[in-house]
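Asks: As a plain string of letters, each chain reads:
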Amino acid sequence: METTPWLLEAQHIQVQFGGIIALQDVSLEVGPGEAVGLIGPNGAGKTTFFNSITGIIAPLRGRVRFMGADITELDVHTRARLGIGRTFQRMELFSGMTVREHLLVALRAHTGVGSMWSDLLTGGRPSDVERSLVEDTAKLVALDDRIDSVVDTLSLGHGRLLELARALMTNPRLLLLDEPSSGLDHVESSELAEVLHAVRRVRSTAYLLVEHDLRLIREATERLYVMEQGYLLAKGPTEAVLSHPRVREAYTGVTA
Amino acid sequence: MEFVALLVAGVALGCVYALMASGVVLTYKTSAVFNLGLGAQAYAAAAIFYTLTVDMHFPILVALVISVFLLSPLLGLALYWGLFRYTQGAPETVKLVVSLGVLLVLPALIQAVWFGTNLKGNPPVAVPGADRVFELAGIRIGGDSLTTIFAAVVVVVALAGLFKFTVLGLRMRAVVESPRMVQLAGINADGIASVSWMLSGFVAGLAGVMLAPLFGSVDVSKYTLLLVAAIAAAVVGRLSSLPWTLVGGLALGVTQVVLARYLPADSVLAEGLRPSLPFILLFGLLVFVPKYRTIGGVTDPLSGVDPPPKALRSPVSTDTHSKRNTFGQALLITCGLVAFFSLALSDVWLLRMTTAVVMAVIFLSYTVLTGIAGQISLGQAAFAGAGAFTAAQLANHFDFPVFWGMLAGAAVASAVGILLALPLRQLRGIYLTLATLAFGLMVDQIIFPLENVGGSPAGLEVPRPYQYNIFDFSDDRAFFILCCGVLFWVAWYVWRMRDGATGQVLDAIRGSETGAASVGIDPGRTKVKAFAVSAAIAGIGGALLVSLQGRATPAEFSIAESLLWPVLIIVLGARSIPAAIFAGAFLTLLPELLRMLDVPQPLAWVTVIFGLGAFIFIKNQEGLVDWLLRVTRQTAGRTARDPATAGGVPAVAPPPVIDLTPQPDTNVQIGAQAAFPTASPVGPSVGVAHAPPTASERTASHVAAEPAATVRRRRTRYRPWSPPRRYLQAPAKPTPPQLQTSIEALRRRDPTWQPANPSSWMRPSDDMNRPQHPSTNGGGSSDGAPGNRRGPEAGPN
Ligand SMILES: Nc1ncnc2c1ncn2[C@@H]1O[C@H](COP(=O)(O)OP(=O)(O)O)[C@@H](O)[C@H]1O
Ligand SMILES: [Mg+2]
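Same order as they appear, the protein sequences are chains A and B. Numbered per the working numbering, the first sequence spans residues 6 to 261. Numbered per the working numbering, the second sequence spans residues 238 to 1034.
Hint data in this document are derived by calculation from the structure and do not stem from the laboratory. Virtual Cβ for every residue (Gly too), placed ideally from N, Cα, C. Please note: incorrect hints may appear among the correct ones.
As the list claims (entries may be wrong) - Chain B regions said to be covered by chain A (calculated; three or more residues, Cβ under 8 Å):
#	stretch
1	469-478
2	744-753
Said to hold, decoys possible - Cβ pair distances, simulated, as ranges:
#	chain 1	residue 1	chain 2	residue 2	range
3	A	T8	B	V484	54 to 62 Å
4	B	F387	A	T83	53 to 61 Å
5	A	I62	B	S454	49 to 57 Å
6	A	G241	B	Y323	53 to 61 Å
7	A	T116	B	S583	49 to 57 Å
8	B	W726	A	I62	42 to 50 Å
With the rest of the complex left out, here is chain A (with noise of 0.2 Å):
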């Protein structure tokens, strides 16, 4: 029996468009309790790459294993019920529900309450202690003051929050972070790195962060990778590859 000692393990991942090779030989891991980061300028895949981890779209070429399985062939929703949570670039909002809602129907997508049955006899209704989770979350996320309001009435940043909340009602083992910090402003991404600093300690979860603001980069993040154009160009510590000339040269365009 092979042990490994990654909680994530994309190996040589391949994605095509049609004619467009959307990711070539990717490979990337990422630790139990490990904060990684995943740059790269637009377009370069990695939005990508999070759909062929998560099992929206599905590789080519490549497989994917989580805490040493192969979860290549399964559903999104089995991969999400293993512990990989995620939030979305472009968001994916619940449309038309309270915050409140959408973190109690992840709750309870995560603890299986709640069938048409027990609709029928209790109507419902959310227990103590799923109430005071969902608040407690909000408030972590600073949500707590609105959280009957509609999403569709939250500002970007407040629904990028949201999304970020509604993956840990899940209590993720790796959360998948695809630019979370657009459209928050500068105390409000300083929050959030507080947020994923909270996260990583209380309950260790690891989580692998797409960002193009290379201050969170720098707060948040141990390890990085960097993507160009579908391949990967460059991995190690943090401040390593930053400062490393050719990553510079690609992803700021800057010839240094």
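Given the coordinates of chain A, assemble chain B with the ligands onto it according to the supplied hints.
Replies: Relative to the frame of chain A, chain B with the ligands by itself:
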């Protein structure tokens, strides 16, 4: 020899399908409307042609010109400007419901106003001299087949050529990519949509007139079948390729005709299979060939910047404490009403009332599937029928007690629902709806006519429930009470489900399937559950209905019902339980009312009324019943729960603006260096006065700021629009008129206002952001293309 003649007939039929299909593709591509109303447009043309030739004795050519070349395009144009223009950017559901409304209203209106019936026999052939029979190398070929083929091929090839090679076609394709982008580029998207709606109206009219003699009658139901055949052909062309659409249509037509010849004529299989081939093809393509369901979606590149379309979800009342009382109240009111009605009503009205109650049960099945799960089903009558015929057959052949037969009917309907939902569960939106339409027609055409299912056209006898001498519902009043009990139980169940955990999960899936899956919800499984519950409810309703009438006939559960019911309930409020009850009442009592008022053609008028309701849906997607309840509650003074006014912040005067604008004299200085060039010709850079961040936004604000008059002026100036080469050679423009106008407007508001010097805004590095006049925009300096944005860290500046 004979085979060749057969082939020609098949090709002729296929050509008509292809014509109609190209109409579907046209409007789908240019205005993102999947126009189910096209079937009605074809019928309208055929009816007009019939009236002109047979009743008014016009020469055939004149009638053809009037009906096909004049009125059909006009009808298309009217539909666009009257209805579908207002559905732009609306959710798919809205467009679908409106086009369903057209499909219902037009034929009913024609029938009610002058046609008198929905079926007339022996329509004339559209082209003079076409009834001649040609002899070609010993093969006898009907002249009408030849003209049909000729006309269809000419039209389809012309359309394809138009799309491919002309400026108009280029613009049409551009509109498909992004209506707003095109509009921002100074092209009149409305104009292009008008042209394509006229063209699609024209081809539908042509198809309608040519098809009538092939059918041997002008018959509404035939045009629904034609529509589905056309949709199948259009799906073969992936809703975009006209040549493939032609291929799909031809293949369908030929297979149908050949099957008709070579299958044993008397078997039900032959009788059902031939007309239902299009549904089978459509269903098979959508369900089993993945590539046909992923392609063809219209995606607007600008849609990313839009807020998501509003979900069809009534505002949530967050107060949970009042629910328990509501249940008690509802129980009390229901008991009171039931007791009152069962005592006070005359026998006839009691039966009508019972029908209304039973119909309300059936409508509750839509509340589950459409209101809560967000899936529009156009095959719901099939589920109701499954319940009805199960109960009927069990009672007839096995002496099964009807009471248990009804439960068995619900179970069978539920099983049918699951069987349908399993392959359908990966489909989304319009594709799922089309598949249910195909399913509904298939059941209507093949399954229900079977002896073992629907019995004979005269129907099967169904007794009233009677059990152990205690449960005796053979009396009308007792049966009424039973139906009310069932309605109450089902309504309670649906209500608990809607507001409970299940409802929330379904809401979540409707909000975002991807998002729901990302937290571990299985969207497919949940959809299957919703279908199962909905079908079971419809099954119970169907069984009650036939037990009420004492007879189960296939006609009662036809596709016409499947089309009318959802429009009614969606307009009244798909999520609302009172709406389901109102829908039942309207459907049953309105025809009676019209009959009492001596309105001729009451049923047609009822359809017209309900169909017109669909058009209200453009403006009011909350559902009329919920809207009414909310408005009355508000006027009753209980406004606090309205989300718009709830938690209203008391109006406090804001603090004065901290105004740090430089004093006028500094401004004058800047202005003095170069007075704003209002008359002299300047390059495109003048537009800088608006300088917001991105090119498209900038253009958007330009257009938005323009008064209508200048917009029109500009359009005429650029009318001879052609691809990039000339685009780039456009001479330097004089001051854009819209800028002058906005300067004047600003001056009018504030006479002291002076435009500042544009060059002071222009730092050298801004060059790529230089606003360009729409007409000089295309293909310019490549570094200015919006796609090349970099992250905030980009660049050393
Ligand atoms: N569904 C799709 N169909 C076709 N091409 C796509 C699709 N999704 C992404 N791409 C292409 O794949 C490339 C990578 O995109 P993406 O993963 O979104 O990049 P990033 O997230 O790094 O900005 C881009 O060139 C994009 O155009
Ligand atoms: Mg991305």
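Asks: For the range 42 to 50 Å, tell me whether the beta carbons of W726(B) and I62(A) fit it or not.
Replies: Because 45 Å falls inside the window, the suggested range holds.
Asks: Between I62(A) and S454(B), does the beta-carbon spacing fit 49 to 57 Å?
Replies: holds (50 Å)
Asks: Could you tell me whether the CB distance from T8(A) to V484(B) stays inside 54 to 62 Å?
Replies: holds (56 Å)
Asks: Could you say whether the range 53 to 61 Å given as a hint is met by the Cβ separation of F387(B) and T83(A)?
Replies: Check passed, 56 Å falls within 53 to 61 Å.
Asks: Between the beta carbons of G241(A) and Y323(B), is the distance compatible with 53 to 61 Å?
Replies: Given range 53 to 61 Å: holds, Cβ gap about 56 Å.
Asks: Three or more residues of the stretch 469-478 of chain B near chain A by CB distance under 8 Å?
Replies: With 0 residues in contact (Cβ-Cβ under 8 Å with chain A), the coverage given for the stretch 469-478 of chain B is violated.
Asks: Quick one: are T116(A) and S583(B) within 49 to 57 Å, going by C-beta?
Replies: About 55 Å separates the Cβ atoms of T116(A) and S583(B), which means 49 to 57 Å holds.
Asks: The stretch 744-753 of chain B covered by chain A? Criterion: 3 or more residues, Cβ-Cβ distance below 8 Å.
Replies: holds (count 8)
Hint 1 alone, counting from the list given before, is not met by this structure.
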